[in-house]
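S.K.: Next come the chains, spelled out residue by residue.
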Amino acid sequence: MSTGTEPETEPEAELTEPGSETDEAALESLLGERAIARDDHLNAPGFVINPNDVQSVLSDLRDEAGYDHLSCVTAQQYEDRYESIYHMKKFADPTDEVSIVVPTTVDNPVSQSAEPVFRTADWHEREAYDLVGVEYEDHPDLRRILLPETWQGHPLSKDYDQEKPQLVTLTEHQNPIQPDHRDAESDTMFLNIGPHHPATHGVLHVKTVLDGETVADVEPDIGYLHRCEEQMCEQGTYRHQIMPYPDRWDYVSAGLLNEWAYARAIEDLADIEVPEYAQIIRTMGSELCRIASHMLALGTFALDVYGEFTATFMYTFRDREVIQDILEDLTGQRMMFNYFRVGGVAWDLPEPREEFFEQTREFLNELPTKVGEYNDLITGNEIFQTRCIDTGVLETEVAKDYGCTGPVARGSGVDYDLRRDDPYGYYEQLDWDVITRDGCDNYARVLCRMEEVEESAKIIEQCLDLLEDWPEDERDVQANVPRTLKPDAGTEIYRAVEGAKGELGIYIRSDGSDKPGRFKIRSPCFSNLQALEEMSEGEYIPDLIASLGSLDIVLGEVDR
Amino acid sequence: MSGATASPFPLQNGGDPVLLPEHITELTGLGQFGLAGELLATFVAAFIVGNLILAMTGVAGPWAKRKITASFTDRIAVNHLGPGGIGIIIADSVRLLAKENIIPENVDRPAYDLAPIVIAGSAMLGFAVIPMGSGIHLADPEVGLAFVFAVAGIASIGLVMAGYASGNKYSLLGGLRAVAQNVAYEIPLVVTGMSVVLFAGSLQMSEIVAVQNETTLFTIPGLEWAVPAWFALVNPFAFVLFLIANFAEVGRNPFDMPEAPAELIAGYQTEYSSVYFVLVYLGEFLHIFLGGAIIATIFLGGPAGPGPDELGIFWFILKIWGVFFLTQWLRSAVPRVRIDQLIEIGWKGLLVLSFANLGLTAAIVGVIA
Amino acid sequence: MIGVLKSMATTMKHALDGSTFTVEYPTAAPDVSPRFRGVHKFSQERCIWCRQCENVCPNDTIQIVMDDKRNGEQYNLHIGQCIYCRLCEEVCPVDAILLTQNFEFTGDTKHDLVYNKEQLKSVPWYKDIDPLESREPDRGAWIGEGDGEVDYQ
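Protein chains in written order, with the UniProt record's numbering: chain G, 1 to 560; chain L, 1 to 369; chain W, 1 to 153.
Heads up, none of these hints are tricks.
Lysine to aspartate or glutamate pairs mimicking DMTMM-like chemistry, simulated, CA-CA at most 25 Å apart: (1) W/Lys-13 / G/Glu-382; (2) L/Lys-99 / W/Asp-108; (3) L/Lys-65 / G/Glu-308; (4) L/Lys-169 / G/Asp-211; (5) W/Lys-6 / W/Asp-17.
Think of the hints as simulated: they come from the structure by calculation, not from any bench.
Please construct the entire structure, taking both the sequences and the accompanying hints into account.
M.R.: Written out as structure tokens, the structure reads:
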């Protein structure tokens, strides 16, 4: 690269000054001729490039400019073109973003694949191919991912006929299970783990090839729980109708965290200022959700390692139950909260407030004892340690390559937490730490979650103090938001929050109406699950099960 | 249950123990019918013992398992039908028996049908030679201990049959694990059992029990309690080894590899439903209880305990339940080890330790003798 | 080994303290938070047929049929399809529809869960809690209207 020398120093300058704006001039010179136009998004500068330059641009951005996190790939169709957007960030500073926009013609939607540069692009591009119909050259395995292999057409493309029946004869489409895996020469055994299997945490199908008890090959097959969440959001109004749905992505008690992802995106898109008081309530509620979610992760992981309904599982569920009671008092529902509103929250704390504070504090006071108990019960147990230490290893660089985020990445030593690195809500004003572990194994991920529970408790504690002392006449729970939101046509934004499982991002393109033109969900579980292959090949079946458990996937979020 | 109160006869009066069939012959006068009468008496005795065991494992076992697990996990468990909810077992059995027995297409028929019977039956055989106190003792061959180990080992064949014949990959994996595990743990189990035989100088069950209760290990000063020389107290090391090997042998946590719910769905029993499932499930319980019975007999003094000899069966059952309780306790708290770790513990750990124990015991017994 | 014993001690502690966390439903009616969103209750007398609830409903659960003079004829709500987001209650200017705490409802088929306005009217309050009071204390409560008995209309 002719411009190679200059940007070389650039990432370091960025590092010393986190939170600084993207250096657009440096990027322009790095991309040079390859940037054929600009297409800025609200969150990041956007560069339009040719479909043939994807790999060279992305590898330059990663190697020269330090954009080492391919956060999301969004594909969409306009009247005159298809478009793939690569949302790129830095793990060191996620506020430093850049979007690479790759348009292709409608007649020939072929674009170069980013998979050779970022492993994570594999599934993201498959999804784009599946739902929108962009084809990626060089992609090692461009198949459908969410929809069945026999699906006809690409549902998010403009020419898709909703009325067309999906039942087609085998002459029109080859039977996908026709090829027989039997091979007389081979010593391996093909095993379907799932879609109905006690350890897959939902309807996940893991195609496994076994050599004895050793896992020779793993391929997760997802999509059984695909409910068209993106499309449903595209058909809802910004103001009201989208908010109930995020609860149903990561449906195991992480509802408020998901709602915040949408809330953050739309509030930035429509330029809405959220009252501070509402932000504190949001922060508190979200952290309660995080604890509940981590409790569930811990319990189900124990289930995978212990087998059957053992004590750990019940204890974690009991503790989660307490949180759900608190959340029920706050939001009105135990899991499907629908508590956030655009510009705030639905309600103030429940009356009598003292009772709510007391109830929550009681939970927080008991938490250290319970965490101690879990340490005695689980992490201190030698058999548990022999099962978990050095199994399911996910090296730091590999984790980054796969776009892993959340406790999975932090357990692999990636110091990345959007609550701190890309502050939103009230996190910046509070005193808490980001937990990272260098173990890179199942044990590190478990410890990471358990310690995060304690950090969340710290945050809640501080929020409670703030809420208690908040002057009564300044308790605004909602900003003044117009009844109908119609952001300017063509504005695009990608915003992410730290969900329970990692970076939960939302991309919205406004088409000038009161409903999104394109709504894309960047699911942390989706990216994390990709790494399963890396983690479990060459290990034993029990390790595969444990690794799957430690990824803490929720199929509702993977499949959306 | 009638067996528990059936006999007021002491277990032992110096010489050979009086066995249950002989009692029955005496009581009913069946002796005059010669061999036929003796056979009938034996059958009746076996019927009594069999029902006692089945009542314990089939009714009380599953109920207790649910209750114990519940108390470990802060729950209530069954509480609607009958006292403490024990009636649920009847309801459950009706439910299970009324279900359709689904037999998959690719099963290997005779083996698939036989496996549940082998699994349940092998454990039942073992109880034949166990002295349960209060005169309940079916047979007392000179090779009693060897017999128990032998019939308990038959279960592995049942597991493999079930695993292989089911035509299911998970079942197959479970069956293979069962073999690997049983081979690895049977040897330490038997070798540790042999150290007991060295102490007792006999393989006969009644003799092993008698030796433990004849000698006094020490007397607790002040209380004048004579602590009998139960082998668990004489050689706690062997006791622990035997316990661990036993958990592996019966496939309980942390060694529940053949089933491994969550990994292998339900291992070898994945494809079994209805009556067959009941048999397999019963077989598991029988094996846990047989394991408990063996431990009670060779390490915990069999039916011995404070009070009159008539209470023997009470103490014996109590000891079995103690072992059962321990399995449930472990199940609540201990993770499952991985199959390779299990094999490693078996071959590199327990086997070596059990031989060390055997050698040491032999040396000590030799010196004392 | 110490760790294993420690974990065993932990579960034993739980077994011995005897406390349970089970809610013995249906023997004991569980406590439901005042804000809980259960089955809807509809008041035809209050309704001004503005159709805002039908409009805001994210998944078209509410169906309103009016005659040509804009008089309401039918108000159907599929309580099995409803996602209980409470948006209909939130937009209603006259509190004609609100979500009670009642979570107990059954139907033999999913069609039984399509409630018309009569069925919606007769949905009982759960433990006589008026949800409006807890949600917005300054708004008039339904449950207090009329004398004595819970008088809905």
